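Undergrad: From just these sequences and the hints, can you work out the full model?
For what it's worth, our numbering labels the leading residue of the sequence shown as 1393, then goes sequentially.
Hints are computed from structural coordinates only; laboratory data are not their basis. Certain hints may be false.
Pairs of lysine-lysine, DSS-like flavour, derived with a Cα cap of 25 Å [unchecked claim]:
#, residue 1, residue 2
1, LYS1445, LYS1516
2, LYS1515, LYS1505
3, LYS1433, LYS1449
4, LYS1505, LYS1465
5, LYS1474, LYS1433
6, LYS1505, LYS1462
7, LYS1505, LYS1449
8, LYS1515, LYS1433
9, LYS1433, LYS1445
10, LYS1462, LYS1449
11, LYS1474, LYS1516
12, LYS1496, LYS1445
13, LYS1424, LYS1462
14, LYS1505, LYS1445
15, LYS1465, LYS1424
16, LYS1516, LYS1433
17, LYS1465, LYS1449
18, LYS1431, LYS1496
19, LYS1496, LYS1516
20, LYS1505, LYS1431
21, LYS1431, LYS1516
22, LYS1516, LYS1462
23, LYS1445, LYS1424
24, LYS1465, LYS1445
25, LYS1449, LYS1515
26, LYS1462, LYS1445
27, LYS1474, LYS1424
Pair by pair, the computed Cβ-Cβ distance ranges are [unchecked claim]:
#, residue 1, residue 2, range
28, ASN1447, ILE1427, 20 to 28 Å
29, GLU1446, TYR1475, 25 to 33 Å
30, LEU1452, ASP1426, 29 to 37 Å
31, GLU1484, ILE1427, 18 to 26 Å
32, GLU1497, ASP1439, 19 to 27 Å
33, GLU1446, SER1512, 18 to 26 Å
34, ASP1494, LYS1465, 16 to 24 Å
35, HIS1472, PRO1514, 50 to 58 Å
36, LEU1430, GLU1471, 51 to 59 Å
37, CYS1485, GLU1517, 18 to 26 Å
38, ASP1439, TYR1490, 16 to 24 Å
This structure is a prediction, so every number in the text was calculated from the model and none was measured. Virtual Cβ for every residue (Gly too), placed ideally from N, Cα, C.
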Amino acid sequence: MMLVPRRNDFDLFDNFFDDGFFPPKKERNMMKTDIRELKDKYLVDVDLPGYEKENIKVSLENGYLTVSAKVDKKEENKEHEKYVHRERFMSECSRSFYLGEDVKEEDIEAEFKNGILQVSIPKKEETKKLNEPRHIEIK
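TA: So, in structure tokens, the structure goes:
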């Protein structure tokens, strides 16, 4: 067996996923989202570690639920402190999900806790009935 070091400028696997169809690797790690379906609602969990509640916005427009977040970790340099190496970042990101025109803003609830934003979206009555188990009589 021969070990070949990975070249930083070429990786067949990474190049395959960086073809424009898949989001860039950096973006794939931002705002990871899980959507769960419960009996009477949908729960959308969005990972937003390092963000403050005040910098997160949830909006509903034309049937699209949009979650956007902003972080600015720029800090003032104090005169008596000397850094050998320092990393801070600024970032803005957003994701949108189509909910349909029937969902009202006042029906949606959102909670931010431990770096996770949870958005609760109630199901419409028709959707609840469609998801109920139905028994078909065999003749």
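Undergrad: Decide, hint by hint, whether the structure agrees.
TA: Structure-based check of each hint:
no. : hint                            : verdict
1   : LYS1445 <-> LYS1516             : 29 Å, violated
2   : LYS1515 <-> LYS1505             : 23 Å, holds
3   : LYS1433 <-> LYS1449             : 21 Å, holds
4   : LYS1505 <-> LYS1465             : 20 Å, holds
5   : LYS1474 <-> LYS1433             : 52 Å, violated
6   : LYS1505 <-> LYS1462             : 16 Å, holds
7   : LYS1505 <-> LYS1449             : 14 Å, holds
8   : LYS1515 <-> LYS1433             : 5 Å, holds
9   : LYS1433 <-> LYS1445             : 23 Å, holds
10  : LYS1462 <-> LYS1449             : 9 Å, holds
11  : LYS1474 <-> LYS1516             : 58 Å, violated
12  : LYS1496 <-> LYS1445             : 22 Å, holds
13  : LYS1424 <-> LYS1462             : 15 Å, holds
14  : LYS1505 <-> LYS1445             : 9 Å, holds
15  : LYS1465 <-> LYS1424             : 21 Å, holds
16  : LYS1516 <-> LYS1433             : 8 Å, holds
17  : LYS1465 <-> LYS1449             : 18 Å, holds
18  : LYS1431 <-> LYS1496             : 19 Å, holds
19  : LYS1496 <-> LYS1516             : 11 Å, holds
20  : LYS1505 <-> LYS1431             : 23 Å, holds
21  : LYS1431 <-> LYS1516             : 11 Å, holds
22  : LYS1516 <-> LYS1462             : 32 Å, violated
23  : LYS1445 <-> LYS1424             : 17 Å, holds
24  : LYS1465 <-> LYS1445             : 15 Å, holds
25  : LYS1449 <-> LYS1515             : 22 Å, holds
26  : LYS1462 <-> LYS1445             : 10 Å, holds
27  : LYS1474 <-> LYS1424             : 36 Å, violated
28  : ASN1447 <-> ILE1427: 20 to 28 Å : 23 Å, holds
29  : GLU1446 <-> TYR1475: 25 to 33 Å : 27 Å, holds
30  : LEU1452 <-> ASP1426: 29 to 37 Å : 20 Å, violated
31  : GLU1484 <-> ILE1427: 18 to 26 Å : 22 Å, holds
32  : GLU1497 <-> ASP1439: 19 to 27 Å : 24 Å, holds
33  : GLU1446 <-> SER1512: 18 to 26 Å : 21 Å, holds
34  : ASP1494 <-> LYS1465: 16 to 24 Å : 40 Å, violated
35  : HIS1472 <-> PRO1514: 50 to 58 Å : 55 Å, holds
36  : LEU1430 <-> GLU1471: 51 to 59 Å : 55 Å, holds
37  : CYS1485 <-> GLU1517: 18 to 26 Å : 34 Å, violated
38  : ASP1439 <-> TYR1490: 16 to 24 Å : 21 Å, holds
The structure does not agree with the numbered hints 1, 5, 11, 22, 27, 30, 34, 37 stated previously, though it agrees with the rest.
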